[in-house]
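K.L.:
Sequence:
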Amino acid sequence: MLNKKIEKVKNEELKTTFTAKLILMKTMLDTQGQISALTQQQKEAEEEVNKALEKAKADTTKAAEQATGDDKLLLGYSDDQIEYARVWLTLIGVKPSELNAKTITAGTPLDSYDKGSATYPTDAIILYGGYSAEGQIVCTSNRNGTINVYPVPSHWQIGAEIANDPEKVRALTQDILDNVRVVNVDVRNPRDVLDVIKIQK
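Take 1 as the starting number for the sequence shown in my numbering and just add one per residue.
In short, the hints are calculated from the structure, not lab data. Built from N, CA and C at the ideal position, the CB exists for glycine as well. Certain hints may be false.
[To be verified] Derived pair list, reagent style DSSO-like, types lysine-lysine, alpha-carbon separation capped at 27 Å:
# : residue 1 : residue 2
1 : K168      : K115
2 : K168      : K95
3 : K57       : K43
4 : K102      : K201
5 : K72       : K55
6 : K72       : K201
7 : K57       : K72
8 : K55       : K43
[Unchecked claim] Per label pair, the in silico range of CB-to-CB distance:
#  : residue 1 : residue 2 : range
9  : N179      : H155      : 15 to 25 Å
10 : K198      : L53       : 34 to 44 Å
11 : Q34       : V187      : 53 to 63 Å
12 : E47       : R181      : 47 to 57 Å
13 : K57       : I126      : 41 to 51 Å
Required output: the full structure, derived from the provided sequences and hints.
P.N.:
Written as C-alpha coordinates, this is what we have:
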(Lines of atoms letter the chains of each structure in order from A and count residues from 1; the text may use other names and numbers.)
(Lines give C-alpha, C1' and ligand atoms only; values in the text may rest on other atoms or scores of the structure.)
Protein backbone atom coordinates (compact mmCIF):
# COMPACT_ATOMS: atom_id res chain seq x y z
CA MET A 1 0.00 0.00 0.00
CA LEU A 2 2.79 2.33 0.97
CA ASN A 3 4.61 1.53 -2.24
CA LYS A 4 1.55 2.45 -4.27
CA LYS A 5 1.32 5.79 -2.48
CA ILE A 6 5.00 6.47 -3.07
CA GLU A 7 4.58 5.55 -6.72
CA LYS A 8 1.58 7.83 -7.00
CA VAL A 9 3.50 10.76 -5.47
CA LYS A 10 6.39 10.12 -7.83
CA ASN A 11 4.05 10.04 -10.81
CA GLU A 12 2.48 13.35 -9.70
CA GLU A 13 5.96 14.88 -9.33
CA LEU A 14 6.99 13.60 -12.74
CA LYS A 15 3.77 14.89 -14.26
CA THR A 16 4.24 18.32 -12.68
CA THR A 17 7.90 18.46 -13.71
CA PHE A 18 7.06 17.35 -17.24
CA THR A 19 4.27 19.92 -17.50
CA ALA A 20 6.59 22.66 -16.22
CA LYS A 21 9.20 21.64 -18.78
CA LEU A 22 6.62 21.74 -21.55
CA ILE A 23 5.50 25.22 -20.52
CA LEU A 24 9.12 26.38 -20.32
CA MET A 25 9.87 24.92 -23.77
CA LYS A 26 6.80 26.59 -25.23
CA THR A 27 7.80 29.93 -23.68
CA MET A 28 11.31 29.55 -25.06
CA LEU A 29 9.98 28.70 -28.51
CA ASP A 30 7.63 31.71 -28.44
CA THR A 31 10.49 33.96 -27.33
CA GLN A 32 12.76 32.54 -30.00
CA GLY A 33 10.07 33.19 -32.60
CA GLN A 34 9.68 36.77 -31.42
CA ILE A 35 13.44 37.27 -31.53
CA SER A 36 13.55 35.86 -35.05
CA ALA A 37 10.71 38.14 -36.11
CA LEU A 38 12.40 41.17 -34.54
CA THR A 39 15.70 40.22 -36.14
CA GLN A 40 14.00 39.96 -39.52
CA GLN A 41 12.30 43.34 -39.02
CA GLN A 42 15.61 44.90 -38.02
CA LYS A 43 17.31 43.42 -41.06
CA GLU A 44 14.57 44.75 -43.36
CA ALA A 45 14.75 48.19 -41.70
CA GLU A 46 18.53 48.28 -42.15
CA GLU A 47 18.14 47.34 -45.81
CA GLU A 48 15.61 50.16 -46.29
CA VAL A 49 17.95 52.65 -44.60
CA ASN A 50 20.88 51.51 -46.75
CA LYS A 51 18.78 51.86 -49.89
CA ALA A 52 17.69 55.36 -48.85
CA LEU A 53 21.31 56.34 -48.10
CA GLU A 54 22.49 55.00 -51.45
CA LYS A 55 19.75 56.91 -53.28
CA ALA A 56 20.53 60.13 -51.39
CA LYS A 57 24.22 59.71 -52.17
CA ALA A 58 23.48 59.13 -55.86
CA ASP A 59 21.15 62.15 -55.99
CA THR A 60 23.74 64.35 -54.27
CA THR A 61 26.48 63.20 -56.64
CA LYS A 62 24.27 63.84 -59.65
CA ALA A 63 23.32 67.31 -58.38
CA ALA A 64 26.98 68.13 -57.68
CA GLU A 65 28.01 67.01 -61.16
CA GLN A 66 25.21 69.08 -62.68
CA ALA A 67 26.19 72.14 -60.61
CA THR A 68 29.85 71.74 -61.50
CA GLY A 69 28.96 71.48 -65.17
CA ASP A 70 26.79 74.60 -65.02
CA ASP A 71 29.40 76.56 -63.08
CA LYS A 72 31.89 75.85 -65.85
CA LEU A 73 29.61 77.79 -68.21
CA LEU A 74 30.84 81.04 -66.63
CA LEU A 75 34.55 80.25 -66.89
CA GLY A 76 36.37 82.82 -69.00
CA TYR A 77 34.06 85.70 -68.11
CA SER A 78 35.14 88.48 -65.77
CA ASP A 79 33.76 88.97 -62.27
CA ASP A 80 32.20 92.24 -63.45
CA GLN A 81 30.41 90.62 -66.38
CA ILE A 82 29.01 87.91 -64.13
CA GLU A 83 27.99 90.38 -61.42
CA TYR A 84 26.30 92.78 -63.87
CA ALA A 85 24.22 89.93 -65.27
CA ARG A 86 23.28 88.72 -61.79
CA VAL A 87 22.42 92.24 -60.64
CA TRP A 88 20.16 92.75 -63.65
CA LEU A 89 18.38 89.43 -63.13
CA THR A 90 18.00 90.11 -59.40
CA LEU A 91 16.49 93.58 -59.74
CA ILE A 92 14.81 93.55 -63.17
CA GLY A 93 14.19 89.84 -63.54
CA VAL A 94 13.89 89.57 -67.31
CA LYS A 95 16.50 89.42 -70.03
CA PRO A 96 16.83 92.76 -71.87
CA SER A 97 17.39 93.18 -75.59
CA GLU A 98 20.94 94.17 -74.66
CA LEU A 99 22.74 95.08 -71.45
CA ASN A 100 24.91 98.16 -71.27
CA ALA A 101 27.28 98.95 -68.41
CA LYS A 102 28.80 102.38 -67.95
CA THR A 103 31.03 103.73 -65.17
CA ILE A 104 29.95 106.92 -63.41
CA THR A 105 33.02 108.52 -61.85
CA ALA A 106 33.01 109.89 -58.32
CA GLY A 107 32.07 113.59 -58.25
CA THR A 108 29.60 113.29 -61.13
CA PRO A 109 26.29 115.10 -60.37
CA LEU A 110 23.33 112.79 -59.85
CA ASP A 111 21.22 115.24 -61.86
CA SER A 112 23.48 116.57 -64.58
CA TYR A 113 20.72 118.82 -65.95
CA ASP A 114 20.29 121.10 -62.95
CA LYS A 115 22.73 123.15 -60.87
CA GLY A 116 23.23 122.31 -57.23
CA SER A 117 22.96 118.53 -57.61
CA ALA A 118 24.65 116.29 -55.07
CA THR A 119 27.43 114.17 -56.55
CA TYR A 120 28.33 110.50 -56.44
CA PRO A 121 30.67 109.90 -53.48
CA THR A 122 32.39 106.97 -55.22
CA ASP A 123 32.56 105.47 -58.69
CA ALA A 124 29.27 103.80 -59.59
CA ILE A 125 27.92 101.65 -62.39
CA ILE A 126 24.80 102.29 -64.42
CA LEU A 127 23.25 99.26 -66.11
CA TYR A 128 20.57 99.83 -68.73
CA GLY A 129 18.79 97.94 -71.49
CA GLY A 130 18.57 98.58 -75.20
CA TYR A 131 15.75 101.07 -74.66
CA SER A 132 14.53 103.04 -71.64
CA ALA A 133 11.42 100.92 -70.99
CA GLU A 134 13.69 97.99 -70.11
CA GLY A 135 14.87 99.86 -67.04
CA GLN A 136 18.11 100.96 -65.48
CA ILE A 137 20.10 100.27 -62.32
CA VAL A 138 22.62 102.58 -60.66
CA CYS A 139 24.76 100.81 -58.09
CA THR A 140 28.12 100.18 -56.49
CA SER A 141 29.45 96.74 -55.66
CA ASN A 142 30.53 95.69 -52.18
CA ARG A 143 32.36 92.67 -53.65
CA ASN A 144 30.71 90.38 -51.11
CA GLY A 145 27.50 89.38 -52.88
CA THR A 146 25.74 92.67 -52.11
CA ILE A 147 25.38 95.97 -53.93
CA ASN A 148 24.36 99.50 -52.98
CA VAL A 149 21.45 100.61 -55.16
CA TYR A 150 20.90 104.31 -55.82
CA PRO A 151 17.21 105.16 -56.48
CA VAL A 152 18.11 107.48 -59.36
CA PRO A 153 15.18 108.13 -61.72
CA SER A 154 15.67 107.17 -65.36
CA HIS A 155 14.18 110.54 -66.35
CA TRP A 156 14.54 113.74 -64.35
CA GLN A 157 11.14 115.37 -64.48
CA ILE A 158 11.29 118.06 -61.83
CA GLY A 159 9.35 121.28 -62.03
CA ALA A 160 10.86 124.58 -63.07
CA GLU A 161 10.48 125.87 -59.51
CA ILE A 162 12.88 123.22 -58.21
CA ALA A 163 15.13 123.17 -61.29
CA ASN A 164 15.78 126.90 -60.92
CA ASP A 165 16.60 126.60 -57.21
CA PRO A 166 20.03 124.95 -56.64
CA GLU A 167 19.24 124.38 -52.95
CA LYS A 168 16.08 122.46 -53.77
CA VAL A 169 17.94 120.43 -56.39
CA ARG A 170 20.65 119.66 -53.84
CA ALA A 171 18.07 118.57 -51.26
CA LEU A 172 16.28 116.39 -53.82
CA THR A 173 19.45 114.66 -54.97
CA GLN A 174 20.84 114.35 -51.45
CA ASP A 175 17.66 112.49 -50.54
CA ILE A 176 18.60 109.91 -53.18
CA LEU A 177 22.01 109.43 -51.57
CA ASP A 178 20.39 109.14 -48.15
CA ASN A 179 18.13 106.35 -49.39
CA VAL A 180 20.73 104.08 -50.97
CA ARG A 181 19.80 100.50 -50.07
CA VAL A 182 21.90 97.38 -49.77
CA VAL A 183 20.62 94.46 -51.87
CA ASN A 184 21.70 90.82 -51.83
CA VAL A 185 22.53 89.70 -55.35
CA ASP A 186 21.09 86.31 -56.29
CA VAL A 187 23.57 83.81 -57.70
CA ARG A 188 20.88 82.75 -60.19
CA ASN A 189 21.00 79.88 -62.65
CA PRO A 190 24.36 79.97 -64.51
CA ARG A 191 22.57 79.39 -67.83
CA ASP A 192 20.39 82.47 -67.30
CA VAL A 193 23.43 84.48 -66.23
CA LEU A 194 25.28 83.37 -69.36
CA ASP A 195 22.36 84.45 -71.57
CA VAL A 196 22.60 87.99 -70.16
CA ILE A 197 26.40 88.06 -70.34
CA LYS A 198 26.20 87.29 -74.04
CA ILE A 199 24.18 90.46 -74.71
CA GLN A 200 26.41 92.76 -72.65
CA LYS A 201 27.87 95.65 -74.62
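K.L.:
Let me make sure I understand: some of the numbered hints might not hold for this structure. Which ones are they, in numerical order?
P.N.:
The structure conflicts with hint 2 only, although it agrees with all the remaining ones.
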